[in-house]
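J.: Take a look at the letters that make up each chain.
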Amino acid sequence: MDLLRFIAPKRSAHAHCDIPCGVYDPEQARIEAESCHRILERYHASDDDVFRTRCIVIKEQRADLVKHHVDVLWHDYFKPEHVEQYPDLHDVCWKASKQASAVKQGTDLDAAKKLLALIDQIDEMWKGTGGPGKTRMAR
Amino acid sequence: MFGRLIRSWGARVAVEGHSMAPTLEPGDWLLADPDAYRDSPPRVGDLVLVPDPRQPSRLLVKRVAEVADGALFVAGDSPDASTDSRTFGSIDPASVAGRPRFRYWPPRRMGRIS
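For the protein sequence lines, the chains are X and G, in the order given.
For the first sequence, position 102 matches number 101 in numbering that gives the first Met the number 0, and the numbering has no gaps at all.
For the second sequence, position 6 matches number 5 in numbering that gives the first Met the number 0, and the numbering has no gaps at all.
Worth flagging that the hints you see were computed from the coordinates, not collected in a lab.
Fair warning: there could be bad hints in the mix.
Computed footprint of chain X on chain G, listed as stretches where at least three residues anywhere in the stretch have a Cβ under 8 Å from a Cβ of chain X [unchecked claim]:
#, segment
1, 13 to 25
2, 53 to 64
3, 68 to 79
4, 96 to 110
All residues carry an ideal CB built from backbone N, CA and C; glycine is no exception.
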């Protein structure tokens with residue numbers, strides 16, 4: 000294979016998408032938002048101050064992760080042509096980010112429900128733009 | 000003709016990544032003409048080798064999607080797998096490093112490319 004080595008290029012020309020692995024799935028955001036919802040249920044059912052304090056700490060961490068995952072989808076996965084396909088894409092992602100903040104700040108269970116519904120809207124757009132086939136590995 | 004071949008041999012590159020599929024596939028080895036755009040800048044539809052504006056030592060292979068006010072907007076043939084001018088903005092035509100012309104490997108895909 001010496002010949003092959005001789006004729007092999009010395010340089011690469013990258014036709015990549017960014018280093019990013021290109022793996023995206025709103026399920027990540029959904030799982031963290033479900034955590035928030037479940038934690039808030041337990042928070043409201045408890046009268047143990049220490050437990051309730053822990054609930055708030057963990058819920059805030061999870062809500063922050065929701066924000067992160069929504070942002071990654073919004074900034075990295077979705078492309079201009081997806082916005083053409085779903086004109087309300089920016090609005091939904093923006094609302095989901097805002098809603099994650101609301102869940103982080105408060106203890107309202109309905110706020111967590113609303114967040115889940117918004118993530119499901121993002122999930123629909125992810126599916127509608129071929130997300131499952133393009134961004135997840137086949138099992 | 001012979002001079003161009005020697006220059007192209009010096010400017011051979013290996014394709015990595017899927018953003019130019021199906022035109023170019025990872026593992027394709029290309030000959031590029033480094034002087035192709037010396038006298039006239041690239042036009043819409045041309046293949047180009049350009050430095051990554053975010054990391055100039057890294058070479059990208061893309062296609063010119065638009066020329067506006069002398070600046071090039073480059074894109075991949077497979078938009079979903081491509082990071083391109085949508086992310087890093089326009090490219091200065093003077094920075095273009097060459098034009099891929101010919102695939103010499105793998106043998107079954109050998110031939111001119113455009």
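J.: Now, for every hint given, state plainly whether the structure supports it.
T.: Consistency of the hints with the structure:
no., hint, in the structure
1, 13 to 25, "holds (count 10)"
2, 53 to 64, "holds (count 5)"
3, 68 to 79, "holds (count 3)"
4, 96 to 110, "holds (count 3)"
Of the hints listed earlier, there is not a single one the structure fails to meet.
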